[in-house]
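Number of protein chains: 2
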Amino acid sequence: MPLNTIEWKNGAVRLIDQTKLPIELEYLQTDDYQVLGDAIRQLKVRGAPAIGIAAGFGVVLGVQHLRDVSQSEFISKGLKIIDYLAGTRPTAVNLFWALGRMRAILEQSAGEMSIEQTKARLLREAQDILEEDRKICRNLGRNGASLLPDNATVLTHCNAGSLATADYGTAIGVIYAASEEGKNIRVYADETRPLLQGARLTTWELMQNKIDVTLICDNTAAFVMQQGKIDCVLVGADRIAANGDTANKVGTYNVAVLAHHHQIPFYVVAPVSTLDLTLENGSRIPIEQRASEEVTMGFGKRTAPSGVKVFSPAFDVTPHKLITAIVTEKGIARGSYRDKLKKFKNNT
Amino acid sequence: MPLNTIEWKNGAVRLIDQTKLPIELEYLQTDDYQVLGDAIRQLKVRGAPAIGIAAGFGVVLGVQHLRDVSQSEFISKGLKIIDYLAGTRPTAVNLFWALGRMRAILEQSAGEMSIEQTKARLLREAQDILEEDRKICRNLGRNGASLLPDNATVLTHCNAGSLATADYGTAIGVIYAASEEGKNIRVYADETRPLLQGARLTTWELMQNKIDVTLICDNTAAFVMQQGKIDCVLVGADRIAANGDTANKVGTYNVAVLAHHHQIPFYVVAPVSTLDLTLENGSRIPIEQRASEEVTMGFGKRTAPSGVKVFSPAFDVTPHKLITAIVTEKGIARGSYRDKLKKFKNNT
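As they're listed, the protein sequences go chains A and B. Positions 3 to 350 (the numbering used here) are the ones given, in order, by the first sequence. Positions 3 to 350 (the numbering used here) are the ones given, in order, by the second sequence.
It should be emphasised that the hints constitute simulated quantities derived from the structure, not laboratory data. You may find that some hints are simply not true.
To be verified - Quick list of in silico lysine to any residue cross-link-like pairs, SDA-like style, CA-CA up to 20 Å: (1) A:Lys303 <-> B:Glu28; (2) B:Lys303 <-> A:Leu23; (3) B:Lys22 <-> A:Lys231; (4) B:Lys311 <-> A:Met209; (5) B:Lys342 <-> B:Leu279; (6) B:Lys11 <-> B:Glu118; (7) A:Lys303 <-> B:Asp33; (8) B:Lys82 <-> B:Ile25; (9) B:Lys79 <-> B:Asp34; (10) B:Lys303 <-> A:Glu295; (11) B:Lys303 <-> A:Lys311; (12) A:Lys311 <-> B:Ser308; (13) A:Lys303 <-> B:Ile25; (14) B:Lys347 <-> B:Thr93; (15) B:Lys231 <-> A:Ser148; (16) B:Lys121 <-> B:Ala106; (17) B:Lys22 <-> A:Pro288; (18) A:Lys22 <-> B:Leu279; (19) A:Lys231 <-> B:Gln228; (20) B:Lys82 <-> B:Arg103; (21) A:Lys303 <-> B:Ala106; (22) A:Lys79 <-> A:Ala122; (23) A:Lys22 <-> B:Arg304; (24) A:Lys185 <-> A:Arg126; (25) A:Lys231 <-> B:Lys303; (26) B:Lys11 <-> B:Lys79; (27) A:Lys212 <-> B:Ser308; (28) A:Lys11 <-> A:Ile25; (29) A:Lys231 <-> B:Ile25; (30) B:Lys22 <-> A:Asp19; (31) A:Lys303 <-> B:Glu118; (32) A:Lys79 <-> A:Ser148; (33) A:Lys323 <-> B:Lys303; (34) B:Lys231 <-> A:Pro315; (35) B:Lys212 <-> A:Ser308; (36) B:Lys185 <-> B:Gln228; (37) A:Lys46 <-> B:Arg304.
What the hints assert, rightly or not - A few chain A residues that don't get close to chain B, going by computed Cβ distances all over 12 Å: (38) Ala14; (39) Arg16; (40) Ile25.
Ideal placement from N, C-alpha and C gives every residue a C-beta, glycine not left out.
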């Protein structure tokens, strides 16, 4: 079921170029950390867990060809590469979490390991991040599947599936897990403007996996809820604050308000690496602004007047009060999130 | 300020081909009622009042070249033309209202008027529908402007402006009227998937009229409301039932739920011709389903997998409880709509 969204291959990173889907399944293979950084920035690889994994490998790409340098130069260059990769996208905390793990190894290496040993250790850490993500996806799937009755119809926004992770996804992973348990699950996928991750990616991977999926425009979610078609909402997350406030793809908050109005359970599915307990609440989560051309010329054709002002945040923040439960690989949190999320985080 | 969205010119209808905007301001001129019918179906002319006007002229186009026929043949052919035009789009009631006026004249003509007299009378009726719409827009604008404070920021969905009417619009007409009164009004325009009437048409006409407008994706309306940026919502309507339930472009109900959640006034602005008091409530308003290609290939490029299932209603119904007020050319209705709307309708 999972795709090889991202993998390490012969000293290079190989990833599915998601901007080409669903027309072409094309891979990008690179041993240049700056090309990888551009791939993150341009959403060739996207989804909070996947960009964490990509960033880990990016550090390896950056340092692997460094030779004839002192250990302190090696560390200093490594830290610069980490800073470069940290500047690619601001909202998903998994990026900083993965880079934090790489940074810790680099800093610990001083006087402890040779440069070649450090390189090997960094590669192992990046591979661990990927391998752990596989297991996390499976645990998320199993935990979340318990929330889905048989014959459930799920609405999802953006893509929190195989293409966003190293395995079968977070929110969509729950659907795969429930389906593997023999449950009959149907999905409505928001197309997710402006970059159409729902239309291009979610429908594509669900169809590949023979899950019944219907594509809708984002503005049609209210209509299908009003008609009683939706049993629950499943979404991923890019950053979750200590109180449970959740940043995710723009439009997630829209769906959360709709679900609340129609008394439909709204579930966030994310690994513990998405928790950012340094933030009390969602108000200080940095929200990336995207270029206006993604809205006005997103498909190679101008669809709005030249020079029009555009407001295009990549993410929004859903207040914890609108979230029925947060599903992690460590368990499910409900109601008052603070203590439970802390327990999950400290128990890693 | 108004555009010549639709006019009668030398025995033909001349209208702005709205599918070409904002790239080109191109006119379609035709004396063939079937070409006009196709233009309605393909949304070259759209907006409830404008398609009513177009349908009126369509009847004139259909009968004007009928010669050497008996009066009963003339009437029977005229009624067939009316039936053809009534089949172009199902939801906006203005189409049926305008065709009803044309039908009444045709039926009254039997034994009363010559064929040439009937043709002249039909043309005058179609021109009256257009001229009345101009006055209605001005009255709607004046009535609605009373609801907008100075420095208001308005969110609107789809296009209920000059391009949807014979004058300066319904919901957008209110903005123009407030602006003419010297109020400083800013607008957020939902792009309005799938056909992007907000991105292509609303931003274009507001920019032409130097009104401050910012384009957002439909799924971003919740975010801007959450940030406290929106003072009220103004939308048009395609059909309003006796109890105030309102059919309008899909996504309108979405915005209404969001406005309710954020305690933002939600105003519907529409002429009395949009009232359909034969329907007790909105549940029996027919909802047009559009072709899936408008969602999957709307930008001249495939953006979803081939063969994906799509649910694409053109309209949704907003329950009256979510509507703060309905603004008509006869006055403003609030709260319990039934009696007030009946009074407006019977007072025409």
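Against the structure, the hints come out as follows:
1. A:Lys303 <-> B:Glu28: Given that 20 Å is the threshold and the Cα spacing comes to 18 Å, the pair holds.
2. B:Lys303 <-> A:Leu23: 12 Å, holds
3. B:Lys22 <-> A:Lys231: Violated - the C-alpha atoms of Lys231 (chain A) and Lys22 (chain B) are around 36 Å apart, more than 20 Å.
4. B:Lys311 <-> A:Met209: 10 Å, holds
5. B:Lys342 <-> B:Leu279: Measuring from Cα to Cα gives roughly 11 Å; hence the hint holds.
6. B:Lys11 <-> B:Glu118: 19 Å, holds
7. A:Lys303 <-> B:Asp33: Not satisfied, since the Cα-Cα distance of roughly 32 Å exceeds 20 Å.
8. B:Lys82 <-> B:Ile25: With Cα atoms ~37 Å apart, Lys82 (chain B) and Ile25 (chain B) exceed 20 Å; violated.
9. B:Lys79 <-> B:Asp34: With a Cα-Cα distance of about 14 Å, the restraint between Lys79 (chain B) and Asp34 (chain B) holds, given a limit of 20 Å.
10. B:Lys303 <-> A:Glu295: 16 Å, holds
11. B:Lys303 <-> A:Lys311: Distance of about 25 Å is beyond 20 Å: violated.
12. A:Lys311 <-> B:Ser308: The given pair, whose Cα atoms are some 33 Å apart, is violated under the 20 Å limit.
13. A:Lys303 <-> B:Ile25: 10 Å, holds
14. B:Lys347 <-> B:Thr93: Within the cut-off at roughly 19 Å; holds.
15. B:Lys231 <-> A:Ser148: Violated, at roughly 39 Å.
16. B:Lys121 <-> B:Ala106: 13 Å, holds
17. B:Lys22 <-> A:Pro288: 38 Å, violated
18. A:Lys22 <-> B:Leu279: The given pair, whose Cα atoms are some 50 Å apart, is violated under the 20 Å limit.
19. A:Lys231 <-> B:Gln228: Given pair Lys231 (chain A), Gln228 (chain B) is violated - Cα atoms ~27 Å apart, limit 20 Å.
20. B:Lys82 <-> B:Arg103: 15 Å, holds
21. A:Lys303 <-> B:Ala106: Violated, at roughly 46 Å.
22. A:Lys79 <-> A:Ala122: This hinted pair holds, its Cα atoms lying about 16 Å apart.
23. A:Lys22 <-> B:Arg304: Measuring from Cα to Cα gives roughly 11 Å; hence the hint holds.
24. A:Lys185 <-> A:Arg126: 37 Å, violated
25. A:Lys231 <-> B:Lys303: Violated, at about 30 Å.
26. B:Lys11 <-> B:Lys79: With a Cα-Cα distance of about 23 Å, the restraint between Lys11 (chain B) and Lys79 (chain B) is violated, given a limit of 20 Å.
27. A:Lys212 <-> B:Ser308: 14 Å, holds
28. A:Lys11 <-> A:Ile25: 24 Å, violated
29. A:Lys231 <-> B:Ile25: Given pair Lys231 (chain A), Ile25 (chain B) is violated - Cα atoms ~38 Å apart, limit 20 Å.
30. B:Lys22 <-> A:Asp19: Violated - the C-alpha atoms of Asp19 (chain A) and Lys22 (chain B) are around 33 Å apart, more than 20 Å.
31. A:Lys303 <-> B:Glu118: 48 Å, violated
32. A:Lys79 <-> A:Ser148: With a Cα-Cα distance of about 46 Å, the restraint between Lys79 (chain A) and Ser148 (chain A) is violated, given a limit of 20 Å.
33. A:Lys323 <-> B:Lys303: 40 Å, violated
34. B:Lys231 <-> A:Pro315: 14 Å, holds
35. B:Lys212 <-> A:Ser308: Holds, because 14 Å separates the two Cα atoms, which is no more than 20 Å.
36. B:Lys185 <-> B:Gln228: 24 Å, violated
37. A:Lys46 <-> B:Arg304: OK: Lys46 (chain A) and Arg304 (chain B) at ~18 Å, within 20 Å.
38. Ala14: 29 Å, holds
39. Arg16: Holds: least Cβ distance 23 Å, greater than 12 Å.
40. Ile25: 6 Å, violated
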